[in-house]
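Asks: Heads up: the sequence lines are chains A, B and C, in that order. Take the first sequence: its position 293, counted from the start at 1, is 293 in my numbering, and no numbers get skipped. Take the second sequence: its position 116, counted from the start at 1, is 116 in my numbering, and no numbers get skipped. Take the third sequence: its position 2, counted from the start at 1, is 2 in my numbering, and no numbers get skipped.
Careful, some of the hints might be misleading.
A short, non-exhaustive set of chain B residues, derived as facing chain C with CB atoms under 7 Å [stated by the list, open to error]:
(1) I168
(2) R170
(3) H195
A short list of chain A residues far from chain C (calculated; beta carbon distances all over 10 Å) [claimed, not checked]:
(4) A76
(5) S158
(6) R219
(7) R239
(8) A327
(9) D479
(10) T549
(11) T660
(12) S766
(13) L770
(14) L772
(15) L805
To be clear, the hints were calculated from the coordinates, so they are not data collected in a lab. Keep in mind that this is a model prediction, so the values were computed, not measured. We put the CB at the ideal spot given by N, CA and C, even for glycine.
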Amino acid sequence: MNVRYVLSAVVRRPLETLAAAVAVAVTVALLASLGSFVSRTGSRLTVAASARVPVDWQVQLTPSGDLTAAQRALSAVPGFVGAREVDYARVPGLVSTGPGGTRTTGAAYVVALPADYASFAPDELRSLLVDGAGAALQQQTAANLSATTGSTVRVLGSGAAVVVHQVVDLPKADSFFQVVGAPAGSGASAPPDNVLLVPPADLHRLAGSAAVVRQLHVRLAHDQLPHDPAQAADEVTRRVNHLVVSLAGGALVGDNLSASLSGAREDALYSRLLVLLLGVPGLVLAAIVAALVVALRNQRQRRDLALLRLRGATPTRAAALLGAVAAVDGVLGAVLGSAASWPVARLALGQPPSGAWIATAAVAGLLVALLVELVPVARLLRGEAPSVRVEAIEQLPTRDPLPLRLGLDVVLLAASGLVWWLTSRNGYQVVVVPEGVPVASVNYAALLGPALAWPGGALLVWRLTALALRRHRRAPRQDPYGRLPDLRNAVVRHRRRVIARGATALALALGVTLAAAVFTATYDQQARVDVALTVGSDVAVTVPADSATGLDPAVARVPGATAVEQVSHRLAYVGPDLQDLYAVDARTIGRAAPLQDAFTPGSSVSTVLRKLATTPDGALLSQETLHDYQLRPGDPVRLRLRDTTGAYRTVPFHVVGVVTEFATAPRDSFVIANRSYVAQATGRSAVQTLLVRTSSPAAVAHRIHAPADATVDNITSAHANVASASGLAAGSLAGLSRLLLGFGVFLATVAAALVLAVGAVARRPSLTALALLGAAPRQRAGFLWSESRALLGAGLLGGASIGTLLAYELVKDLNGIFDPPPQHPAIPWAFVLSAVVAVTAAGAAATWTLARLGRRIDPSALRD
Amino acid sequence: MTPLVARGLHRFYRRAGAEVGALLDVSLICEPGETLAVTGPSGAGKSTLLGLLGGLDDPDGGDVHVAGERLSHRTPAEAARLRARYVGMLTQTSGLFGHLTVRDNVRFAAGLAGRRADPDLLDQLGLTAVAGAHPRTLSGGETARAGLAVALATRPVVLLADEPTAEISRAEEADLLGALRELCPPDGAVVLVTHSERVAAWADRVVHLVDGRLA
Amino acid sequence: MIAEVKGVTARFGSRTLFEGLSFGLAEGDLCSLVGRSGSGKTTLLLVLAGLLQPASGQVVRHVPDTAVAYVPQAPSLVPELTAAQNASLALRVRGEDPAVALAEARNALSSVGLEDAWDALPAQLSRGMQQRVALARVLAAKPRFLLADEPTGTLDQDTGHHVVGVLLATCAALGTTLVVATHDEDLAARFPKRLELAA
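Can you make the complete structure from the sequences, with help from the hints?
Replies: Following this line, the structure appears as structure tokens:
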């Protein structure tokens, strides 16, 4: 009989059951998608980070190390895929004789690569010219020697010679030639200019008596790594330590994989934080909407409960029966939601949700249904004894909800403001990754700011709405058209708490959605700037630094190019450090290079460039350099640059300002100077970089005919995106934003429509009675429209406020996620407007529909 | 065994800060087989009294015994169990679950008391034709009789009725009262709250409640 | 003649409530409508008021729709308005001056014995009082054809009789045609005219 009670309750009230199930389903789908996003992003970042690494480990044998022992130890490492022996020696130089004469280089590296190295580590080598198998010259070296395939190169020191069969590029020369075992934090040294790659058999002959560095380049299986980048990095580090210990000092390990994974851990953290800050209010909102829907049942449920009590059902039994009905709703909702999460996650995240998260979300949905439907039951069972006669009138709340009575809105907002003020004094560092320490810690305190802001804001909206609706409107002297303004106002006034509740839900939905939209728009904006910085401009033509031949600017002046700027890319010694130096036309560089005030902290970028333009020997240096050498603006500084002879000559400069970012600059420390001065001081005026501004990058890039050794890059190329400095691949964040924005707008519209519907349904008897009194449909609808206007108005206003506050705090707090940090947030006006329109339309449509439905007088509503 | 004994019942309510006495020193004893009518103007406390007699509410003073067992001042679970076993309630509004058929309503009520419903009950009340119908489709008289069927489903010792004939016609009223007299357990008791003098006249005994006191 | 019923049949689901009903109501008639519950009293009232179309036959009313008032069983007051505001609704929807409407409303409330409850909200009133407010609501507009469905349903004997007395007196004074459905024979006896619905 109990089963029949429950089933009948569900089946006989199909609309209610469906509405409750749908509400639960929305919560389930959102949670499943969000959870999947978090875990998937982690693994996506891990995969991306590990794919970026050309060679996972470079195990360098110490002089006492044993190769066989090392190889044996390596094969025992879990996930070991393979290793190749790579030895190299430093020789005094290389010589080549050709038609142009004899050329000699400075110190060079002779590297022995096994024949299959190119297929073993494809990212390390890029073939440019191939003529059979054999020795290869690095591109720059070939240029220095004026050699090419077929040339003979002699190694100084040993005197041995070898025929060049290939010219290659080593794109990851930095890591290839890293000093294995150097303490973390020591500055990277420049990779060698001159490299000769030879088959292993030739090394001994060519290297002569030079000391040979023996390395094993190791590849590991990436698919068995933990999904989370931090965990993956730790796991790899563990294996490295284990290996080092087992070799008892016989080897040092250059761990490229951990380093890359560590870089990704920051991004993984950021994405998790984003989910926390935006996803949690979204979930809360979904639960609120679910509660609203279930509230539709509340009256009937109370009646049922009173009746159950009357018939002698114990509180446990009553709770069990009503709970069972709730459970059915929950199960239905969980099933619906789980099924719905599939297409939702696919659409938003590009991947189906994970099974584990679907299960979690399903359970959560069930709990939400039970909680929402049983809490009032518990209250009722403990509270006043229901009378034998059962209430028929909807109970309007007569007191403000507890949180408002306690002033929680003010408390939360004040606390948020306090946290804000405190953390802003220390800069907005939420994720802190100290140099050299492979642990990222989150300054959770800083997150309290936005975390407290949205509930506080929501409660404030509640309070202000209820306050605003308290206005008393006197009856007009005459009301010939029966507009009933005072009566409608009285109704709204009495329902103000109910309306405030609905407006708050709407405001929250809108606010979270708008904040998410602003955040992602800003992110996109900065990502574009970031890519532009990496590439250099919309299109960039580059040859290696210090290249003697340089580029002809005419090459870039093709149809579609709106501006072309020339940059002389040189290498300069600042003290012992080799840094990139970019010599520009300070007055005009802004036409093609992306510039932001954030790049020149302490001053606007236009001011700084003006200073540079008016100081011929001016130089902009990085903060680190200024700090290390105790330099201040105005101080003289001496840099060493290559002159026409190829030797480094000292050139005096004066410090003009600080710069943190510049087009194509890969490292944090670099120098910007005036092109004319550098050309005159070094005697070399060649330009190594052309920056082109255009609105159609791909087309213009295609039209440019650059010399063979030049690279033409544009911001739309896939290569540019991968090289982008921020690790959060566009896909991840885009997925989260699509998810949140989609749900946000959906929930906002549903909240608006639902609250109005719940109100209208409860008013049906009285509105019917009004009709019987002769009230025209317009007049009856007028009551619905008054409420609708109040709710939508408060909700939209509140939503805009919460959204602004939250967006501002998010952009500031998660500043580190932007690379470079934004000057100002980007507001996607089109989206904002369409969201507002959607919500307004939904509310209006709901009211209109309800008004129409109420047009007809249903006689059955008149029976008791 | 006396089906219903209520001694010195007091019940106060807080209204607008002051304590209002809803019932003051009300005592009732029903002999086996007796029908008692409680009359009085609205607001006199009749519903409150009924709530106390049914164990839905606890008195501030005094106690209630049903079938020899104490009904007042019990835990909610115990009171519910006693209610299910001994007390049948006939309310003014339907008192039926809207989503269950008439037959299922009777079965469910019996089930709450751990009993099986008497298959003849519906016939005896002339409800065979509408046994499979839902309460919404019933006429006023049918609703009242269905409510009686549910109240009697557990074969209660005490039947409490709150204005059972308020919304039915005189002829139907006669039917209902007749059924009440016929189908109630012979050693049980019936307490009717009513404002109808006719119904009061039908009962074996009448008590008059004015301003919370028995007049 | 205020209304003529010609061969009207009404059904509820599969049941035929009444068939081929024909009668007339004159101006100023004060009628009771009796019958067992389920006999179709509510339905007949709705048909008379023009709120329900009969399955067959027709009802001809000789008064405009605005002069017809139907009082349902359930009071259905607007929960957020006071008794006085509720009672003034019938006049307000017709565009009456708010002050006049309110005054009439208060008069009507007094006539049903609720002069103390002007500013009470429906939730604060007992069901019986709500029903009286619903009556006052209709009376305030001084209808010419008033149909009331069990107006004394939940009222105790005395109040019920008082209310019916007011109804009869007011309608007699205004010349309003009154039809009251009731199952209470004593009440029905007070009406000069009687309509009976057999099963």
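Asks: What are the numbers of the hints that this structure violates, sorted from low to high?
Replies: Of the numbered hints, 9, 12, 13, 14 do not hold.
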